[in-house]
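Chemist: Using the sequences and the accompanying hints, generate a full structural model.
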Amino acid sequence: MAWTYGLLDAMKDPRLQIHNDYDIVIIKDCYPKAEVHFLVLPWKNIPSIKDLTGSHLPLLKKMDLKGREIAREKGGGRKFKFGYHAEPSMKRLHMHVISDDFNSVSLKTKKHWNSYTTGFFIPSEKVIKDLESIGRVNLPSTSQCSLNLKTPLKCHKCSYLPGNMPALKLHLAKHVE
DNA sequence: GTTCTAGAAC
DNA sequence: GTTCTAGAAC
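The first sequence begins at 1 in UniProt numbering and counts up one residue at a time.
Treat the hints as calculated values from the structure; they're not laboratory data. Possibly wrong hints are sitting among the right ones.
Unchecked claim - Below, a list of computed lysine-lysine pairs in the BS3-like style, where the Cα atoms sit at most 30 angstroms apart: (1) Lys157 - Lys62; (2) Lys91 - Lys174; (3) Lys110 - Lys81; (4) Lys110 - Lys157; (5) Lys28 - Lys157; (6) Lys91 - Lys28.
Modeler: Shown next, in the form of structure tokens:
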């Protein structure tokens, strides 16, 4: 499927690049799911989080550090999440740098929501800790991933349980103000 | 990953 | 009748 390789073109596009050096690039997500949403990618051909080993630690620590730096510089004081999807749809390892308002017209589905707010989202710190301790990332199983994505909607900041996506989006607006 | 839309849910 | 979601896309 051609669309799974979309990020390989996007990361080369200077119009999307926020930062670019010899081993990593940071781009704006083309369909941001929050007010600020960047992707940190290595130039090295690492297809997915499943391919990571201890040898990637220096690179992952740099991606983490640069991601936090960009969030500080471009985040306008917003709070951020840093991490990876357990089962990404697109090729090339990419770390999400996403502001925790989730205020975006591109946030449309339950899958979108649950991919950032359940165990489907693997924080960057955990990826690094797993590689340091066991030399690989301990990921949820395929069935655990599927359950995470189908979990009933829940607000990430309070106990509110929205009945559907429009209700969630109305509720999120209250946390922003 | 998105777009589109049938039919479920209300 | 309208809103919303889930699944196909050759």
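Chemist: For every hint, state whether the structure bears it out.
Modeler: Status of each hint after checking the structure:
Distance check on the hinted pair: Lys157 and Lys62 sit about 29 angstroms apart at the alpha-carbon level, within 30 angstroms; holds. The straight-line distance between the Cα atoms of Lys91 and Lys174 is roughly 35 angstroms, outside the 30 angstroms bound, and the hint therefore fails. About 18 angstroms separates the Cα atoms of Lys110 and Lys81, which keeps this hinted pair within 30 angstroms; it holds. Distance restraint check for Lys110 and Lys157: the Cα-Cα separation of roughly 17 angstroms lies within the 30 angstroms cut-off, and the hinted pair is therefore satisfied.
Our distance criterion of 30 angstroms between C-alpha atoms is met by Lys28 and Lys157, whose separation comes to about 25 angstroms. For the hint linking Lys91 to Lys28, the alpha-carbon distance of about 16 angstroms falls within 30 angstroms, and the restraint holds.
Against the hints set out earlier in the document, a violation occurs for number 2 only.
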